[in-house]
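K.L.:
Listed below, chain by chain, are the residues.
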Amino acid sequence: MTLHLSIAAAALSSAAIAETTELRSLGEPVSPDQIQTGEALYAENCTSCHGENREGQPNWRRRLETGRMPAPPQDGTGHTYTHSDADLFAMTKFGIGAVVPGYESDMPAFEGVLADPEIPAILAFLKANWPEGKRRYQAALPSMTPLPDG
Amino acid sequence: MTISMTDGISRRTFLGAATGAWIVGSARPLFATTTLRTGALAFAGGTVHAAGYSLLRSEDGGATWRESIGPDRRLTALTVHPERPDRVIAALEGGGLAVSEYGGESWRKAGTGLPGATIDALATAAQQADTLYAAIAGDGLWRSEDAGESWEFVMDRPFLAEAERDVLSLAAVDLASGMGGIWLYAGTTAGLQRLPDCFCRWQDVQPGNALDALIEGGEAPEMAPLPAGEPVEEPVRALVSPAVAPGALYAALSSGIWTTTDAGVVWRKVNTLDAIALAVDPSDPLALVAATENGLTYSRDGGET
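Those protein sequences? They're chains A and B, same order as listed.
In terms of the working numbering, the first sequence has 38 at position 38, counting the first letter as 1, and numbering is strictly consecutive.
In terms of the working numbering, the second sequence has 230 at position 80, counting the first letter as 1, and numbering is strictly consecutive.
Incorrect hints may have been included.
Computed list of chain A residues with no C-beta within reach of chain B, every gap over 10 Å [as the list claims (entries may be wrong)]:
hint: 1; residue: E44
hint: 2; residue: C49
hint: 3; residue: E55
hint: 4; residue: R63
hint: 5; residue: M69
hint: 6; residue: G76
hint: 7; residue: T82
hint: 8; residue: S84
hint: 9; residue: P101
hint: 10; residue: G102
hint: 11; residue: Y103
hint: 12; residue: A115
hint: 13; residue: A140
Chain B stretches covered by chain A per the calculated footprint, using a threshold of three residues with CB under 8 Å from any CB of chain A [to be verified]:
hint: 14; segment: 303-312
hint: 15; segment: 323-337
hint: 16; segment: 411-420
The hints are simulated quantities; they were obtained by calculation from the structure and are not laboratory data.
Heads up, the beta-carbon is just placed ideally off N, CA and C, and yes, glycines get one too.
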């Protein structure tokens with residue numbers, strides 16, 4: 001019951017943010033329904049690495065034994081907000097190598113797992129819960145343009 | 151707290167520092183530093199600082215040098231405030247930092263939060279004089295946003311050829327990363343890397359910003375990377391970029407001094423000087439000072455002569 005209440009409260013809060021800050025995901029206005037969908041998709045696909053509370057893996061700035069970096073937080077304390085929506089879409093769909101060729105990461109490509117509209121829904125959920133300053137930072141990135149067709 | 155006051159300031163004039171002696175590579179050094187063992191160089195405005203077992207500074211292009219003794223350990227890395235040439239931040243052999251507000255005449259400890267290991271490289275952020283970076287051997291990259299007083303860990307070391315690599319040299323380059331900030335370039339024990347100052351990932355130098363990788367079907371740009379040293383690794387001992395021309399960098403490798411004018415996409419070797427440390431005039435991309443085992447040399451043409 002407590003969990004459901006907290007999710008409902010978070011969704012309400014996110015919806016308020018979407019309505020009051022003109023939050024966009026891949027250039028399109030974000031709706032409260034999209035944020036709720038994104039939250040469910042995040043819980044299903046992302047929490048195992050990025051954490052139930054989007055806190056990331058422990059010591060995420062320290063390299064793993066494999067040489068790869070741990071999953072960073074998605075709550076605005078990491079570096080996700082320094083990437084444009086197009087970059088984040090590409091990294092989610094195709095893997096980090098789509099943006100940084102040759103880069104090795106534990107982040108899998110979600111092509112075939114998530115439908116294209118589901119990725120901006122997850123982004124909408126994450127962005128709706130970033131601190132306002134981080135949302136503004138990301139919105140001002142020069143590369144904040146919609147993904148090209150295809 | 152003052153670590154140690156200078157116990158003597160000497161002014162040394164080097165008659166050999168006339169223009170004819172400012173030749174990199176072929177001529178005798180501008181200044182033979184047999185006792186200094188220069189580990190780091192820095193330009194602050196028109197002032198050159200050279201650090202080793204003491205700190206030397208020249209305000210006249212190397213014609214005369216002023217030496218201050220102390221702090222009590224060898225200085226391994228150096229950075230300066232771009233607009234306050236008397237403010238010097240030095241890394242101490244074995245770990246820790248010392249700051250001088252008076253060109254090395256007195257020092258105080260700094261570096262709260264830093265681990266007690268040797269700092270191999272220091273850099274001041276472009277356009278943010280109170281933001282400093284320190285690369286620590288066996289550890290990673292640290293950042294201070296209060297001019298060196300307190301520090302936080304921001305990024306692990308680069309992972310190259312199946313191993314973590316120490317960063318030996320750092321340069322904050324005032325070129326947009328595409329991620330809302332600029333780039334930090336790092337010379338490692340196994341080649342060149344760069345990192346956006348959001349600290350998301352070390353990566354090889356690529357033409358343009360990260361978004362270019364999304365564009366398919368384009369013609370592959372010409373690239374001539376700085377040699378990583380195959381089959382023998384070639385550490386990038388020093389790396390500097392002039393503030394007035396951030397696309398320009400110089401790198402000191404055992405094979406010589408290399409330069410690029412396009413932010414590291416195409417490199418060429420300009421001489422075979424076996425330099426340990428470099429400094430470039432922030433307002434003159436061709437004014438380059440190099441330290442070798444034999445002393446300091448000064449070039450007015452980007453190391454060509």
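K.L.:
Which numbered conditions among the earlier hints are violated in the structure presented, ordered from lowest to highest?
P.N.:
Checked against the structure, the hints that fail are numbers 4, 5, 7, 8, 9, 10, 11, 13, 16, while the rest are satisfied.
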